[in-house]
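Visitor: So the chains spell out like this:
Protein chains: 2
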Amino acid sequence: MNYAVILAGGVGSRFWPFSRELEPKQFMKILGETSLLQATIQRVKGLVNPAQTYIITNSIYFYEVKSQVAKFRIPDKNIILEPEGKNTAPAIGLCAKLISQIDKNAVLLVLPSDHYIKNINNFKQTLKKAIVSAKEGFLVTIGFKPTLPSTGYGYIKVNGKKNNHLGVEKFLEKPDLNKARKYFKDPHFYWNSGMFIWKASAFLEESRKYLPKLYANLQLVHSVNDISKIWPKLESISVDYGIMERSRRIVLIPANFYWTDLGSWDALAEIFPKDKKGNISNKDVLHLDSQGVCVFSRGNRLVSTIGIKDIVIADTPDALLVCDRSKTQSVKKLVEMMKVLNRKEHLVHLTEKRPWGSFTVLQEGVGFKIKLIEVSPKKRLSLQRHKSRSEHWVVVSGKAKITTEKHVWVADKNRSVYIPMGMKHRLENPTNLPVRIVEVQVGSYLGEDDIERLDDDFKKECRASV
Amino acid sequence: MNYAVILAGGVGSRFWPFSRELEPKQFMKILGETSLLQATIQRVKGLVNPAQTYIITNSIYFYEVKSQVAKFRIPDKNIILEPEGKNTAPAIGLCAKLISQIDKNAVLLVLPSDHYIKNINNFKQTLKKAIVSAKEGFLVTIGFKPTLPSTGYGYIKVNGKKNNHLGVEKFLEKPDLNKARKYFKDPHFYWNSGMFIWKASAFLEESRKYLPKLYANLQLVHSVNDISKIWPKLESISVDYGIMERSRRIVLIPANFYWTDLGSWDALAEIFPKDKKGNISNKDVLHLDSQGVCVFSRGNRLVSTIGIKDIVIADTPDALLVCDRSKTQSVKKLVEMMKVLNRKEHLVHLTEKRPWGSFTVLQEGVGFKIKLIEVSPKKRLSLQRHKSRSEHWVVVSGKAKITTEKHVWVADKNRSVYIPMGMKHRLENPTNLPVRIVEVQVGSYLGEDDIERLDDDFKKECRASV
Chain B
50 MNYAVILAGG
60 VGSRFWPFSR
70 ELEPKQFMKI
80 LGETSLLQAT
90 IQRVKGLVNP
100 AQTYIITNSI
110 YFYEVKSQVA
120 KFRIPDKNII
130 LEPEGKNTAP
140 AIGLCAKLIS
150 QIDKNAVLLV
160 LPSDHYIKNI
170 NNFKQTLKKA
180 IVSAKEGFLV
190 TIGFKPTLPS
200 TGYGYIKVNG
210 KKNNHLGVEK
220 FLEKPDLNKA
230 RKYFKDPHFY
240 WNSGMFIWKA
250 SAFLEESRKY
260 LPKLYANLQL
270 VHSVNDISKI
280 WPKLESISVD
290 YGIMERSRRI
300 VLIPANFYWT
310 DLGSWDALAE
320 IFPKDKKGNI
330 SNKDVLHLDS
340 QGVCVFSRGN
350 RLVSTIGIKD
360 IVIADTPDAL
370 LVCDRSKTQS
380 VKKLVEMMKV
390 LNRKEHLVHL
400 TEKRPWGSFT
410 VLQEGVGFKI
420 KLIEVSPKKR
430 LSLQRHKSRS
440 EHWVVVSGKA
450 KITTEKHVWV
460 ADKNRSVYIP
470 MGMKHRLENP
480 TNLPVRIVEV
490 QVGSYLGEDD
500 IERLDDDFKK
510 ECRASV
Chain X
50 MNYAVILAGG
60 VGSRFWPFSR
70 ELEPKQFMKI
80 LGETSLLQAT
90 IQRVKGLVNP
100 AQTYIITNSI
110 YFYEVKSQVA
120 KFRIPDKNII
130 LEPEGKNTAP
140 AIGLCAKLIS
150 QIDKNAVLLV
160 LPSDHYIKNI
170 NNFKQTLKKA
180 IVSAKEGFLV
190 TIGFKPTLPS
200 TGYGYIKVNG
210 KKNNHLGVEK
220 FLEKPDLNKA
230 RKYFKDPHFY
240 WNSGMFIWKA
250 SAFLEESRKY
260 LPKLYANLQL
270 VHSVNDISKI
280 WPKLESISVD
290 YGIMERSRRI
300 VLIPANFYWT
310 DLGSWDALAE
320 IFPKDKKGNI
330 SNKDVLHLDS
340 QGVCVFSRGN
350 RLVSTIGIKD
360 IVIADTPDAL
370 LVCDRSKTQS
380 VKKLVEMMKV
390 LNRKEHLVHL
400 TEKRPWGSFT
410 VLQEGVGFKI
420 KLIEVSPKKR
430 LSLQRHKSRS
440 EHWVVVSGKA
450 KITTEKHVWV
460 ADKNRSVYIP
470 MGMKHRLENP
480 TNLPVRIVEV
490 QVGSYLGEDD
500 IERLDDDFKK
510 ECRASV
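Each protein sequence line maps, in turn, to chains B and X. The first sequence begins at 50 in the numbering used here and counts up one residue at a time. The second sequence begins at 50 in the numbering used here and counts up one residue at a time.
Honestly, the hints are just simulated from the structure, not real lab data. You may find that some hints are simply not true.
[As the list claims (entries may be wrong)] Cross-link-like lysine to aspartate or glutamate pairs, in silico, DMTMM-like; alpha carbons within 25 angstroms at most:
id : chain 1 : residue 1 : chain 2 : residue 2
1  : X       : 358       : B       : 218
2  : B       : 258       : B       : 218
3  : B       : 358       : X       : 319
4  : X       : 382       : X       : 367
5  : B       : 420       : X       : 461
6  : B       : 78        : B       : 315
7  : X       : 393       : X       : 498
8  : B       : 173       : B       : 319
9  : B       : 382       : X       : 289
10 : X       : 388       : B       : 333
11 : X       : 326       : B       : 385
12 : B       : 332       : B       : 310
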């Protein structure tokens, strides 16, 4: 049977300020209302059943993945949680081991969750060819004919046709521009897409040869409960470096569909329609004599430009980036600067997601804080109390169930509630529609850590659930 | 006696998005906590008494001017209100007529309110020289030796020394670059600063010759009550074009202090300190490999740049401008575009000023709106009621006096109030410290025009007082 192994643990920073450490690229909605992760799942429909679709991710992303995959009927148990990121080889190895225990002949479609693909039918045809080769015992990689001498991709050198695929001579890491130009001219070079197809058993055999320590540890895994025991002992290593650059069973299937790994703002700009002057505007934008300007906006502000050229503007409520289009690779460096400076704009958005919904700090002043809180249908926050603040709630849409020490009741829109300092309380959405609450906190200390949680539905591996 | 006539009616758009039609440049605090208007008043201390300081402005700016000049003890009656802008000649003529009725020998210091000047002592010395010449009956203008071939200033050609001033041959409008280069090389050319010193009587005599229609209408003005009668009949004309280009009584005093008319973002950038790479940052900014970038921020956001050069970034909560530094003159055009598109970002800021304080819309959603309201000491809003909305108020700092149909009471911080739809209510600050209220509006229609005002302290010529 075919299994999808979708890699969704990445913490990429290249789309900062749209992506944040706690809301990485794979969860972003690039075009329309579907995230890159959701699009990845949608693409394998017909090749893989939901019950055979696995998602491996970092434990801090569990609730986000769970809510994003809910509509695909993928069982919760198929969301595999890494205690911490160890790069791709351990993640894929773990899934190969767990799946091979269920199905010895399993064929794995290993797919990154943060790429962009057009022509889904061609994608499926390519994957079907790859499955044929995988069943013959090969480790199959999907390669793309370079369309420019890119320094942003790894390359694969092939050495002639074998049956329905190409033999692979070697894997090459991201080159400098000189090498990239050489590779680009040579018809034997392909871009490495990071999409791999192989039998779980074939992958485990190769691991035994080339990553014996990983293999030995995987032998100790009989269920997900064993992950935490072996994980700290594993080395962080990519599948490219650990297996693909060494194995002799590798073949390549050339792809015939549009693909980009969306490695930078400039790569993202490629997939958007442009006006006559090459400007991209996804929102409320005014350009005067500008060209090649790409505006990406997550705020409600008017973005205007005059006389600028080839610049990316990425606008969010708490952070703005203005970047030359030829320098978008440096966004990573900027994020490193923010870490060193102990800022928080690289970690979370102003609207912070929670397992039960989200909240946005609208304003903070001396002695007060104003939040807009959204509780998802049938979800509730923890039963909690605060030492240093009182809270005023106004229900502005939907119906909220409110529990305090004295009362339990359902508050309609336009009702308000006062929660004095120290009083136990709980906010819940008992309905099938979202509830929105304006919360005005008043007190001497208003940090997120002034919460005593007395009962919490979301204790499982995840960050603070408020 | 000396009189200051400070021109504060301009609606300049060159500093958009910092300046807005309803909050123009002269009211902006460029450096520190003093606005350009306030700095203008401060500069003439010692030359002119507060009782002889007049400010002529557009009627919509009355409360803003009043609050900005409060600390200078200038009588309210010295704030002269134009029913509408008619350029500088009618404004100056009106002040000359009104002041000449009080003091026939009045010497007027006519000063724009939106320029930037350093070396106040030298400024005063120059003005004192100008007053000497003015008393001899000359129309005196202050000129600056050009420091570059600017196309942003008007020029004045002089023709040799007469006593303590220079004779003026002619006034020249803003030139093209070729002409500007010629003027720059010729030692007979000065920049026109727009600062003029003359006897009220001398100005009126010249008006009689060169602007007879204006002069005739001014004869009908005996008090401020007469302004509205003549104003609609006046032609809109600048003093430069109407008088200075024609009169033969004009002389020039060269200035020896730093001055800029702050005609653009680029001119503003000149007066700020720069880092090693020529970047200016007045706030929370991260630059990576950028140079000559000027960030001006009125928001709370992180502004970051990568690899950009010679660009102005002006960031406000509801509008962002990213502009090449050589194109900052085009901001005017952008504002014209916004007018044509019927937008509102060129009119007001997200935080809107009111005679009683200010309010900021923090969030608007379907059926609700969240505002932060600040009421200045001893001020109150109108007694009002709403047809389509209820309001929830939470006092978050200070003490508010709240009046409803049923009660009158003073609410402390952390107290909340519910104002049901249709109920009369009034919000007041009875204390000497500002009061802040979070207002959550809930209703089917939440426009600013759903207010029935039953009593209002601020009915006088001004925009809606909420």
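Visitor: Give a verdict on every hint.
Guide: Evaluation of the provided hints:
Restraint check for residue 358 of chain X and residue 218 of chain B: not satisfied, since their Cα atoms lie roughly 44 angstroms apart, outside the 25 angstroms limit. A distance of roughly 19 angstroms separates the Cα atoms of residue 258 of chain B and residue 218 of chain B; the hinted pair therefore holds under the 25 angstroms criterion. Among the hinted pairs, residue 358 of chain B with residue 319 of chain X is consistent with the structure: their alpha-carbon atoms are about 23 angstroms apart, no more than 25 angstroms. Between residue 382 of chain X and residue 367 of chain X the CA atoms are separated by roughly 19 angstroms; this keeps the pair inside 25 angstroms, and the hint holds.
Proposed proximity of residue 420 of chain B and residue 461 of chain X is supported: the alpha carbons are some 21 angstroms apart, at most 25 angstroms. At most 25 angstroms may separate the alpha-carbon atoms for a hinted pair to count; residue 78 of chain B and residue 315 of chain B meet this at roughly 17 angstroms. In summary, the hint linking residue 393 of chain X to residue 498 of chain X is supported, as the alpha carbons are separated by about 16 angstroms, within the 25 angstroms threshold. At roughly 23 angstroms between alpha-carbon atoms, residue 173 of chain B and residue 319 of chain B fall within 25 angstroms of each other, so this suggested pair holds.
With a C-alpha separation of about 54 angstroms, the suggested pair residue 382 of chain B and residue 289 of chain X falls outside the 25 angstroms cut-off, and the hint is violated. For the suggested pair residue 388 of chain X and residue 333 of chain B, the alpha carbons sit about 15 angstroms apart, so the restraint of at most 25 angstroms is met. For the hint pairing residue 326 of chain X with residue 385 of chain B, the CA-to-CA distance comes to about 21 angstroms; that is within 25 angstroms, so the pair holds. Our distance criterion of 25 angstroms between C-alpha atoms is met by residue 332 of chain B and residue 310 of chain B, whose separation comes to about 24 angstroms.
Checked against the numbered hints listed earlier, the structure breaks hints 1 and 9; every other hint is satisfied.
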